[in-house]
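Since the structure of chain A is already known, use the hints to place chains B, C and D on it.
Chains as they are written, first to last, in the numbering used here: chain A, 1 to 611; chain B, 1 to 530; chain C, 1 to 165; chain D, 1 to 102.
Relax, there's no trap hidden among the hints.
Listed below are several chain A residues computed to face chain D (Cβ distance under 10 angstroms; list not exhaustive):
#, residue
1, Q590
2, N591
3, V594
4, F597
Some chain B residues well away from chain A (every beta-carbon gap over 12 angstroms; in silico):
#, residue
5, L25
6, Q67
7, R119
8, K169
9, S482
Keep in mind the hints are simulated off the structure, nothing from the lab.
Since the model is a prediction, treat every value here as computed from it, not as a measurement.
Idealized CB from N, CA, C, for every residue including glycine.
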Amino acid sequence: MFELTATVLLCPLAAFVLITFFTGKSEKISSLVSMVAMAVSLLSSLLIFALILSAPGDYELKIPWINILKDLPIEMGVLLNPVSSVMLMVVCTVSLFVQIYSVGYMHNDEGYSKYYSFISLFSFSMLGLVIANNLLQLYIFWELVGLCSYLLIGHWYHKPDAANAAKKAFVVTRFGDFGLLIAVIFLACKTGTFNFLEIERVIGSGILSPAAVTAVALLIFCGAAGKSAQFPLHIWLPDAMEGPTPISALIHAATMVAAGVYLVIRTYFIFDLSGTALSVIAIIGCSTAFMAGSIAIVQDDIKKVLAYSTISQLGYMMLALGVHGYTAGYFHLITHATFKALLFLGAGSVIHSLHTNNIWEMGRLFKNMKVTAVTFLIGGLALSGVYPTSGFFSKDAILIQTLESGHYVLFAVAFLTAGFTAFYMARVFFVVFLSKEKFSGKHPHESPAVMYVPLILLATLAVGLGFFSEGFSRLIFFGKINEPEHAVLIPLLSNLSAIGAIVLAWAIYQKELISAAALEQRFAFVHKFLKNKYYIDEMYVFCVKNILFVVSNAAGWFDRHIVDGAVNGAFYLTSSAAGALRKLQTGMVQNYAVGIFGGVILLWFFMNMMK
Amino acid sequence: MIVHFPFLSAILSVTLLGALIIIVLPENKHFLMKVTAGVTGFISLVLSLALFVLYDRSLGGFQFVEQIAWLPRLGITYQVGIDGIGLAMLLLTGIVILTGVLISSHEFKAGGLLGATGRPKEFYALLLVLVAGVFGVFMSLDLFFFFLFYELAVLPMYLLIGIWGTGKKEYSAMKLTLYLLLGSAFILIGILALYFSSGLRTFDWLVLRSVAFPAHFQNIVFPVIFVGFGILAGLWPFHTWSPDGHASAPSAVSMLHAGVLMKLGAFGIIRVALELFPIGAKFWCPILVFLPIVNIVYGALSAMSQKDLKYVIAYSSVSHMGIVLLGICSLNALGLNGAVFQMFSHGVMTALFFALVGCIYGRTHTRILNEMGGLAKLAPFLAVAFTVGGLASLGLPGTSGFVAEFLVFLGAFKAYPALTVIAATGIVITAIYVLRVVQKIFFASLNPNYIPEADACTMKDQFTHEHLEEVSDSGHKGFPISVSDAVLLEKIPIVMLMGILILFGIWPSLIINVINIGVSSIVQTIGGSL
Amino acid sequence: MIDMYLLYFLMIFAAVSAVGVVTFRNIFHGAICLGAMLLGIAGIYLIMGAEFVFAVQVLVYVGGILTLILFAIMLTSKIADRSILQANEQKTVSFLISAITLFVLIYAIVKTPFTTVQGPFIVVDTARIGKSLFLNNILPFEVISILLLAALVGAIVLARKDIKK
Amino acid sequence: MIAIQELLIFNSVIFAIGIYGALTRRNTIGILMSIELIFNSACLNFIVFGKYLYPSLLSGDIFVLFIITVAAAEVAVALALLLCIYRNSKNIFIEKISLMRG
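One chain only, chain A, in its complex shape (with noise of 0.2 angstroms):
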């Protein structure tokens, strides 16, 4: 099996340094090592999922690292288990998908080698960080699939708004990774060991204080929280629109901002001790639900959207783990990883086709685009979570699990949510495809086949996955089986305000019944609010303006002017006392004369006193 996870996790990497080293020259080349490396890891992540599922339970490999105490062993690893196999699945399924979806899309684009081959490296890191067997392998990875977002943000570099997006996702994820890191210190120096299994172990029998628990998994939801755009940290990942389409798709919807919901999932034990913690991750992954999907109501770029959507989903995913939702939050990361991707690419082959992002300057796309049309109302559907698609099972299974866990302001405060996501993504869908023709002087056409195939793949999965979600939640659990409850009143409430948001989304952008902008009008101040989004990045603006550049300024200016005043100051104090006696050296011979015959006299006076 292991040789397997290696088959999984070199390919993608041999890929990359093939592409860089080898092949960068030739476009077609790169790409298809770069996809048949990927079908060759996907599957063998079948195959191993297939073993797995024979015989569920941890499969782990330790290879030492490095080598310093005997009792800090700092190694690299595979763990396989259930948790860690599906997630294999899913990243090199959407990576494939998106993979073959480029060729189409990045077409004649410059960096087209180059394109690949980090995406390739990605693939890699996001393997190695999904079957890392101990944290420090896990943050390793975490940091090269942030860096490889970084990369793939500001693929075409040269313009402004994405050399700063990338730059911005690489900061502001890091503040996460900051707490994480020192989680994983703080950790590796109380157990002695990096290893899950063993922290598991070791921290089941009581080492830690319940303060310290807290702490610790406080500073890991940070990490999580910056990888998965939790508020506040979530300011990123619109900006990360810069970037590509497909990369959107697979990077910042599917697979690396799950990064942090399965970072929580793998350190759940940890979480599991801490009632506190899991409150916090609830109240913020809630509020960053409702937050992210109200700013999604006003947004015109139809990748802003779907990024607000994507905090919006990753929200529900982080309060699922926050009410023990275990099971649901991680159905709901796979469900959203597949229908997330498909919208995004849809979005992109709307994009592709019209060169633009606004969808205002779209509009009756389902003429001229029908399979591109056709797959995202599935995607919408399964995010607005109307059955029978997989995100109705995953999406309520979380609603139900947090008002059976008693959250009840959490709970209403998601349902409403609920509403949102169905509203914004009809809005959408209305003004995109049905609603009047906006756009003039272009001719939209149906993607190729490269791009339109994978849409309906991940079409497919979008509506099927949710009839696997028994069978997931018995291989999948934390504790005991957390057997699906039958209930019937939420998810028919839910479907019943999905299709309600649906149909009010109708009547405004479709028929024009209810006036937009009337109502804007009516709610200036709440749209002006969502549309700047909560002015969070002014407060972060402001922050980093008046205390990170004002302090590094004067750090700057303390150096220049205190520090090195005081250096400069002694020397000016040496030169200036050398420049006060040098006046004694006037040059004229005269005055030495004077000192000489002076300097006689007094030696006489003075030998005289000797006497």
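Okay, now just chains B, C and D, sitting in the frame of chain A:
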């Protein structure tokens, strides 16, 4: 396996011989001088590598020891030997000198950075003398020779910066020299105190190590030596020579200086302060640890506010040397291993940086960040290399910088949890300024000051008035400068340095196993917790 | 007895001339005073029986050095030129210093008990001087001749116009 | 025959005047002349000591001869230097020739 070839003396004599040959070469044989310097660097690297391979890991301790009585009546012996720590440093020096010589040999071409000053003969001779001094420090087992080599390494810097530097070079050279001599004064006091108080009248490090000095003596002398060497290691608040010095020095000198010379300070702290004064170390390190913390955070913050590329790199060196010193102050195996590994890693990384800065400066004729932009289009190789260097600098896994910083933080956390958390904020700030620099130089739209080399001729006639105005607005007068990518002579050393960064990032055990041999004996001496 | 009065007279004459040397604003007048002083001293030599020294003093000092000085004055500036006039500087300090020096010297002279040989001055004839110079002091004599030669060459080299310019 | 002290005091006076002149004259030639005063006072001192203390010896006379010779050489060189300076700077005032000022 004990090999009787005198490797260490061979390294020393090869570098000195190289300097001698360059001095006697005729004035106009520039190519021969470069070749001689290159060959000298190459031989010393090969010899270091040979040592690295031949060093018996199972035996540990000091190997390849050579001993010649020099002034027996004063207890001065020419005694060299190498342990794990010295080995890593030797390897680093070999790498940096070779790459430095290669980089500077390109800069001596007409139109290059050093082309205007010329005088390659003196330059290379001084460079090799400096390196001989550095090699000498890393292998000396006699405090007299230790100090002698130390001064030999420090003093040529004055001339190298004062003559071949840029900007306010005289000021920088003077400042640097005065500072380092101040440090030397401290060190000399410490060494003499050792010499006289031991009662043995010997400079032999091995003998002195076995002397148990009384606690109060250790407590007095330790901080003196710590600060003395700390000045060279960029210890706050004695670091301000380094930004000015690095900014003014030519690339190869900056590479050697930040890459190797600053490590002499840290190495001296380990070799002299830590190993000879274990009690003093235990007493002082928890107090002195605040300075490295300030180094890390404050250095990074200062780096963020700089507008000059070289100053950014120089302040980042201050910040990174803070990590080294933090590791040393943690006094445990993890921290010390991390510190030495960081010395190695930062040496390579900063050499890479300064090499690149030289390449960039040679092309753009400015080091002000705001005057650059979009160069990735014209010089993709430099962009990639700089990004790799930057990633190593911000401690990205996969580069040696991560392993080093992680080990240091791990070790330091065991000793000073709260302070380590503060220090670790440095890595966030580092990310901010490194990416900012990368972005300002290479990304975003191309600054109109620069055009591709191919367009230089064809475009010259087409410059409209508006274009020139636009150009002059951005602080550049006159025609745009054509910018090309790195040439082979630049690519070789840069690729070498990049490769080393990544190799040791992926496979740190390769060198940590050796370092650990040296470190574990220190930890035993200190008797600290592991 | 006449000798003694003459001596006093010459001393006063020389001293007044010396004051003139250092106080005249016109450097030319100062030079004339110097000549007078040199002659006065020469007279003292004569009275004290040092005839050869008297001759050398008159020949070398008055005839050579003074002439040279006058030449220099005239070469460097016209006599009527303002630059010949000169004011003295740092007078007070200098006066104090020279006064104290004088006091110190007089103090020493008065305090020291000299055992002098009584009787009139013995006249030294030139022949003895010659013998002494060429027998006992031949080496210093030769050395001083080399010095003179060197001074001669040096003076010529220094004073000639730079041909290159 | 007058007392030795009187002559010595006279010499001291000349010497002091010479010092005064050397310290105050602005004209370089004036300084040179003042130095000549000092020389003369020294010469006379030699003669006085020779005549009063060791009348049988010739050392005083010989010394004075040498001093006069050296003085001549010195004046020659000094005046040559002076002309040189004058040619270069059109000036012989001492405060103007302060090239060695720090």
